[in-house]
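S.K.: Below, each chain spelled out in residue letters.
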Amino acid sequence: MADKRMTAQDVVSRLTSGMTIGIGGWGSRRKPMALVREILRSDLRDLTVVSYGGPDIGLLCAAGKIRKLVFGFVSLDSIALDPHFRAARQAGAIEVVEYDEGMLQWGLYAAGLKLPFLPTRAGLGSDVLTHNPQLRTVADPYGGDEVVAMPPLHLDAALIHMNRADIHGNGQFLGPDPYFDDLYCMAAEQAYMSCEKIVPTAELTAVAHPATLRINRLLVTGVVEAPNGAHFTSCTPDYDRDEDFQREYAGSAAGPDAWQAFRDRYLAGSEADYQAAVARRQEVSA
Amino acid sequence: MTNVMDPRAEANDAVASRAEVCVVACADAFRNSGEMLASAFGTIPAIGVRLARETFSPDLLISDGESYLVRGTWPVGTPATGEVEAWAPFRTIFDLVWHGKRHVMMIPSQVDRYGNTNISAVGDYRRPKVQLLGVRGAPGNTVCHPTSYWVPRHSTRVFVPRVDMVSGVGNDRAAQAGPGASRYHDLRRVVTDLAVFDYHPEHGTLRLASVHPGVTVAQVQDATGFPLEAGDEVPQTRQPSAAELRLIREVLDPRGLRDREVAG
Numbered sequence: 001m002a003d004k005r006m007t008a009q010d011v012v013s014r015l016t017s018g019m020t021i022g023i024g025g026w027g028s029r030r031k032p033m034a035l036v037r038e039i040l041r042s043d044l045r046d047l048t049v050v051s052y053g054g055p056d057i058g059l060l061c062a063a064g065k066i067r068k069l070v071f072g073f074v075s076l077d078s079i080a081l082d083p084h085f086r087a088a089r090q091a092g093a094i095e096v097v098e099y100d101e102g103m104l105q106w107g108l109y110a111a112g113l114k115l116p117f118l119p120t121r122a123g124l125g126s127d128v129l130t131h132n133p134q135l136r137t138v139a140d141p142y143g144g145d146e147v148v149a150m151p152p153l154h155l156d157a158a159l160i161h162m163n164r165a166d167i168h169g170n171g172q173f174l175g176p177d178p179y180f181d182d183l184y185c186m187a188a189e190q191a192y193m194s195c196e197k198i199v200p201t202a203e204l205t206a207v208a209h210p211a212t213l214r215i216n217r218l219l220v221t222g223v224v225e226a227p228n229g230a231h232f233t234s235c236t237p238d239y240d241r242d243e244d245f246q247r248e249y250a251g252s253a254a255g256p257d258a259w260q261a262f263r264d265r266y267l268a269g270s271e272a273d274y275q276a277a278v279a280r281r282q283e284v285s286a
Numbered sequence: 001m002t003n004v005m006d007p008r009a010e011a012n013d014a015v016a017s018r019a020e021v022c023v024v025a026c027a028d029a030f031r032n033s034g035e036m037l038a039s040a041f042g043t044i045p046a047i048g049v050r051l052a053r054e055t056f057s058p059d060l061l062i063s064d065g066e067s068y069l070v071r072g073t074w075p076v077g078t079p080a081t082g083e084v085e086a087w088a089p090f091r092t093i094f095d096l097v098w099h100g101k102r103h104v105m106m107i108p109s110q111v112d113r114y115g116n117t118n119i120s121a122v123g124d125y126r127r128p129k130v131q132l133l134g135v136r137g138a139p140g141n142t143v144c145h146p147t148s149y150w151v152p153r154h155s156t157r158v159f160v161p162r163v164d165m166v167s168g169v170g171n172d173r174a175a176q177a178g179p180g181a182s183r184y185h186d187l188r189r190v191v192t193d194l195a196v197f198d199y200h201p202e203h204g205t206l207r208l209a210s211v212h213p214g215v216t217v218a219q220v221q222d223a224t225g226f227p228l229e230a231g232d233e234v235p236q237t238r239q240p241s242a243a244e245l246r247l248i249r250e251v252l253d254p255r256g257l258r259d260r261e262v263a264g
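Residue numbers (my numbering), protein chains in the order written: chain A, 1 to 286; chain B, 1 to 264.
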């Protein structure tokens, strides 16, 4: 059986500028932040990003990586709005395709199931249709209501973060919500999964019900062990959101100097440097 | 006993604050709901749905804000403590939204007279003056199940002639979009810190249902960016009962978080 272990640098080396990339998790919850940080360190650009957005989007916006965002919202949960995303929008720096969050799910699902569209009422009557003139409605062939035909959201690559995984690409969530990570993987040509810890396959079901094995290896291209890899978003039960760090992140949108300082402190070096800076910070505040 | 007690202090005990009037107005939006998922955004609506479940709508289902539906009651701003009765991750919530047995109370940044609401962006859509959250589930919510709104600060910035990005679908737009949008479209109430609105059954326009104690119709009009529709006699929003006040003050919000959302 294939050993799919790789590094975050390996993952990013397989991505190219202009790609469409889906990022799993939800808001500021279980985001593949170590992989996102690796993109920040790369020279990738002009990305189209699909996300239930959190600080993944804010960071990629601040670093000028995003050309187009496909989204339903961007929020940090405990801080309602992401200031970097707002700044990018208010500067007209990114193009957006905004969908109802259920439409976004339907688009990923349609891509995963290789369907031309999935029908939904969501969007009808709203300006989601006004601002997305490419969207079409479809008559019910059985005589019912005309509804929106949500097209597939095909991804070149998906990035997700799970609590545990094996070397073959089976992934496990141990927190309260699987979010939509399996749908991102199904919608993608290549899917990369980081995780807190890689364990032997048997260990996955020794500690939790098999229903927690939401990610199946046949959906996964590569596995990256990245402890604390969702930081500063939550990755329960391994750790909660680092609220204090998130406030510092939000504060870094105050102006170019604040962003530069944040960048120098946390993003100038490797992932190991980042984790060391976070650990030092926690020691100081403890 | 010497008579040192200020009689006004005793009276104040029974008099509800504006925030408490808002709590029961939000709770009343969830009357006669039966078994329905009640999703409330904001502190006062969160107290309201728990009050409704504790009193007149015992069958409501309430989320812990993460991914469980939880029984019982607990103070706002603290983790849920009741018995878990269902696992409801976002995917299940999405299913329930389209299924229809849900009543949401959202906080719009803009509302127009037909109940169209905006939570996406203010100004030119391609380069907004103010970027907000994004439409989230508002388009689907409004065409699939009952929707109410909570406006903690009633002003002409919120109540506008036209919203900049229709996120939640109003009565006029639902009708124009046809049966796919209007079949399950069901706007219920708008509760603000000044008043309660429902909708005119034929015109679909916002209608002043009651003003809170101490508020005049003229005050509401001044804070609303379009002509108010109101009858000759606008009733006063009801006062909380003594039992409701006790629940709010001692059980649901002992820390007084409601006063941070609405003062006075």
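Treat the hints as calculated values from the structure; they're not laboratory data.
Note that the structure is a prediction, hence the values are computed from the model and not measured.
Incorrect hints may have been included.
[As the list claims (entries may be wrong)] Interface residues of chain B toward chain A, partial, derived using beta-carbon atoms under 7 angstroms:
#1 L69
#2 R71
#3 P128
#4 V217
#5 Q219
[As the list claims (entries may be wrong)] Here are the computed distance ranges between Cβ atoms for each label pair:
#6 B:P161 / A:S270: 51 to 57 angstroms
#7 A:D43 / B:D198: 55 to 61 angstroms
#8 A:S78 / B:H203: 48 to 54 angstroms
#9 B:T92 / A:G251: 34 to 40 angstroms
#10 A:K68 / B:A243: 51 to 57 angstroms
#11 B:E202 / A:T137: 42 to 48 angstroms
#12 A:K68 / B:P227: 38 to 44 angstroms
#13 A:T205 / B:P161: 46 to 52 angstroms
#14 B:P161 / A:V284: 50 to 56 angstroms
#15 A:T130 / B:D95: 49 to 55 angstroms
Virtual Cβ for every residue (Gly too), placed ideally from N, Cα, C.
S.K.: Give a verdict on every hint.
M.R.: Going down the list of hints, with the structure as the test:
no.: 1; hint: L69; result: violated (12 angstroms)
no.: 2; hint: R71; result: violated (17 angstroms)
no.: 3; hint: P128; result: holds (6 angstroms)
no.: 4; hint: V217; result: violated (31 angstroms)
no.: 5; hint: Q219; result: violated (28 angstroms)
no.: 6; hint: B:P161 / A:S270: 51 to 57 angstroms; result: holds (54 angstroms)
no.: 7; hint: A:D43 / B:D198: 55 to 61 angstroms; result: holds (57 angstroms)
no.: 8; hint: A:S78 / B:H203: 48 to 54 angstroms; result: violated (41 angstroms)
no.: 9; hint: B:T92 / A:G251: 34 to 40 angstroms; result: holds (35 angstroms)
no.: 10; hint: A:K68 / B:A243: 51 to 57 angstroms; result: holds (55 angstroms)
no.: 11; hint: B:E202 / A:T137: 42 to 48 angstroms; result: violated (27 angstroms)
no.: 12; hint: A:K68 / B:P227: 38 to 44 angstroms; result: holds (41 angstroms)
no.: 13; hint: A:T205 / B:P161: 46 to 52 angstroms; result: violated (59 angstroms)
no.: 14; hint: B:P161 / A:V284: 50 to 56 angstroms; result: holds (52 angstroms)
no.: 15; hint: A:T130 / B:D95: 49 to 55 angstroms; result: violated (27 angstroms)
Going down the numbered hints, you'll see the structure goes against 1, 2, 4, 5, 8, 11, 13 and 15, while the others check out.
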